[in-house]
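2 protein chains.
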Amino acid sequence: MKSRVIVGIVVGVICLLVGFIGGKIMSGTCSNSTFGKGELNVNYAKYFKGNSYLKPLTTEQMGVFNVTFEPKCRNNWHIHHGGGQILLVTDGSGYYQEWGKEARKLKKGDVVNIPPETKHWHGASKDSWFTHVAIEVPSTNGSTEWLEEVSDEEYDKLK
Amino acid sequence: MKSRVIVGIVVGVICLLVGFIGGKIMSGTCSNSTFGKGELNVNYAKYFKGNSYLKPLTTEQMGVFNVTFEPKCRNNWHIHHGGGQILLVTDGSGYYQEWGKEARKLKKGDVVNIPPETKHWHGASKDSWFTHVAIEVPSTNGSTEWLEEVSDEEYDKLK
Numbered sequence: 006m007k008s009r010v011i012v013g014i015v016v017g018v019i020c021l022l023v024g025f026i027g028g029k030i031m032s033g034t035c036s037n038s039t040f041g042k043g044e045l046n047v048n049y050a051k052y053f054k055g056n057s058y059l060k061p062l063t064t065e066q067m068g069v070f071n072v073t074f075e076p077k078c079r080n081n082w083h084i085h086h087g088g089g090q091i092l093l094v095t096d097g098s099g100y101y102q103e104w105g106k107e108a109r110k111l112k113k114g115d116v117v118n119i120p121p122e123t124k125h126w127h128g129a130s131k132d133s134w135f136t137h138v139a140i141e142v143p144s145t146n147g148s149t150e151w152l153e154e155v156s157d158e159e160y161d162k163l164k
Numbered sequence: 006m007k008s009r010v011i012v013g014i015v016v017g018v019i020c021l022l023v024g025f026i027g028g029k030i031m032s033g034t035c036s037n038s039t040f041g042k043g044e045l046n047v048n049y050a051k052y053f054k055g056n057s058y059l060k061p062l063t064t065e066q067m068g069v070f071n072v073t074f075e076p077k078c079r080n081n082w083h084i085h086h087g088g089g090q091i092l093l094v095t096d097g098s099g100y101y102q103e104w105g106k107e108a109r110k111l112k113k114g115d116v117v118n119i120p121p122e123t124k125h126w127h128g129a130s131k132d133s134w135f136t137h138v139a140i141e142v143p144s145t146n147g148s149t150e151w152l153e154e155v156s157d158e159e160y161d162k163l164k
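Those protein sequences? They're chains A and B, same order as listed. Numbers 6 to 164, taken from my numbering, label the letters of the first sequence in order. Numbers 6 to 164, taken from my numbering, label the letters of the second sequence in order.
The set of hints was computed from the structure by calculation and includes no laboratory data. Hints may be right or wrong, so weigh each one.
Because identical chains cannot be distinguished in the list, a pair is counted as satisfied if it fits within a single copy or across any two copies.
[As the list claims (entries may be wrong)] In silico DSS-like cross-links for lysine-lysine, where the CA-CA straight-line distance does not exceed 27 Å: (1) Lys42 with Lys60; (2) Lys60 with Lys113; (3) Lys162 with Lys60; (4) Lys54 with Lys106.
Please model the entire structure based on the sequences and the hints provided.
Written as structure tokens, this is what we have:
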């Protein structure tokens, strides 16, 4: 008779596992990047510390790109000349910092308006992947000026 | 003794429910709109069938808006003059249709490039909420021309 109780409990535990694994799978599909990871961002690798991935969403009327950073990955300080950029954070957590200001911690749903002619960087936090859509504000003769790395010393101080 | 088996099975079923409810809660937080629902879209209600919700994400350098449609909600046929629009689907499922073409079914992660001077509509599917970011391609003297409703007859035919 005891064995039947044990069977009942085992069935219960299996059901619990199935339920939670089902839940994990459901939430797992959400934590994947909404717009896809794309390819290793080889062309801009020299301006990044760590690996980033680039998926162009459209370049037909203007440039909209999905950028994914592995944990600790960040781009160098840089300046958009002409038109700025708008970041829409879709997954993970990271930072945006303008020169001379405190870094702003970013999470899913946050929006960053980067004005032109503003020295800044963005990237992942230490323990999380980070994904944002980058909308390039159109301008005539726009360009990006890439500057120095965000040093480990600066980065490691971030909370 | 049978009662112990029943207790075991009841425990199992409760565990199953707890597991799935846990999973639902976890996935529920993901299926919420990434950028927030915002307010009932009162100003444009006359150009929509059903309720939509509008959350401006930025208007500083250009207009980027999050638009949420309740099931069956869609906007009228309309034309963007000057600059078009780019849609980034973040949640749910819906449609995009250009005049004279088949409707395109949309889901999370899809991107739509709407050229200027193109008669079209977009909205939710019958049984799902639908959310997209709308990026307004900047132009000088851009405007939107609102046209006739998407009739129930047209809409109900969609697969």
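The hints, checked one at a time:
1. In the homo-oligomer, the alpha carbons of Lys42 and Lys60 lie at most 27 Å apart both inside one protomer (6 Å) and across protomers (26 Å), since each shortest distance falls under that limit.
2. For the homomeric pair Lys60 and Lys113, the shortest alpha-carbon distances inside one copy (18 Å) and between copies (15 Å) are both at most 27 Å.
3. Proximity of Lys162 and Lys60 under a CA criterion of 27 Å is satisfied in neither setting, with 30 Å inside one chain copy and 34 Å between copies.
4. Within a single copy, Lys54 and Lys106 get their C-alpha atoms as close as 21 Å, which meets the 27 Å cut-off; across copies the closest is 46 Å, which misses it.
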